[in-house]
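Work out the full structure, taking the sequences as your base and the hints as a guide.
Spelled out from the first residue to the last, the chains are:
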Amino acid sequence: TQLLEQSPQFLSIQEGENLTVYCNSSSVFSSLQWYRQEPGEGPVLLVTVVTGGEVKKLKRLTFQFGDARKDSSLHITAAQTGDTGLYLCAGGESNTGKLIFGQGTTLQVKP
Amino acid sequence: EAGVAQSPRYKIIEKRQSVAFWCNPISGHATLYWYQQILGQGPKLLIQFQNNGVVDDSQLPKDRFSAERLKGVDSTLKIQPAKLEDSAVYLCASRQGVTGFPTPKETQYFGPGTRLLVL
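Chains A and B, in that order, give the protein sequences.
For the first sequence, counting from 1, position 54 maps to 327 in our numbering; every step adds exactly one.
For the second sequence, counting from 1, position 9 maps to 602 in our numbering; every step adds exactly one.
Don't read these hints as lab results, they were simulated from the structure.
A few of these clues could be false.
Using 25 Å as the maximum straight-line C-alpha spacing, the simulated DMTMM-like pairs for lysine to aspartate or glutamate come out as follows [stated by the list, open to error]:
no., chain 1, residue 1, chain 2, residue 2
1, B, Lys637, A, Glu288
2, A, Lys343, B, Asp649
3, B, Lys637, A, Glu290
4, A, Lys371, B, Glu607
5, A, Lys371, B, Asp650
Remember, predicted model here, so these are calculated numbers, not experimental data.
Here it is, written out as structure tokens:
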């Protein structure tokens, strides 16, 4: 069974600080997605990375896919209170269209 | 474009009762997923449909959970009888494609979920 482990599980920081969330697996995935979920809502896709070593930027968010396609990271620069939420990584199985989710990282950004 | 619709948004039942959730995916989306998300965890896939056929139900507790997707559009997920540990958010998601993992051009769109509390 493929598993994705996220760390840390909880993160509470002050506005303006930087942070990094990690997503690790012993398995290779065809691609890796990052989602953000707010209370009372479903997850919303932030980015998909498909190539080992790929780096994508979305404003203050930087996503990286490991060279071996087993791990990924999400870095937020100068966090804002609007970044508060649950961040989920999900690995894709190329032959089934199935997503394996990590357990999530709850981020709280305090003003 | 309308998103994935789910109802009800909240449901409170007693253990051993039955409950049903409904999902209307985005129009034209062939693949539909039901996930269970327990508080503090990531979503866990329960069942995946392609059109009206089941692709993967390996993690569906079939002794109490059932799901169907009539005519390849709407879907219902039923729990009978419910247990305390079924308390969770049940998420429905859909995507346009039918084969393989979504490429960057395809996205799995999630509904808002149904919050179930079993007392």
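Results for each hint:
no.	hint	in the structure
1	B:Lys637 <-> A:Glu288	32 Å, violated
2	A:Lys343 <-> B:Asp649	23 Å, holds
3	B:Lys637 <-> A:Glu290	32 Å, violated
4	A:Lys371 <-> B:Glu607	32 Å, violated
5	A:Lys371 <-> B:Asp650	11 Å, holds
The structure fails hints 1, 3 and 4 (numbered hints given earlier, in ascending order).
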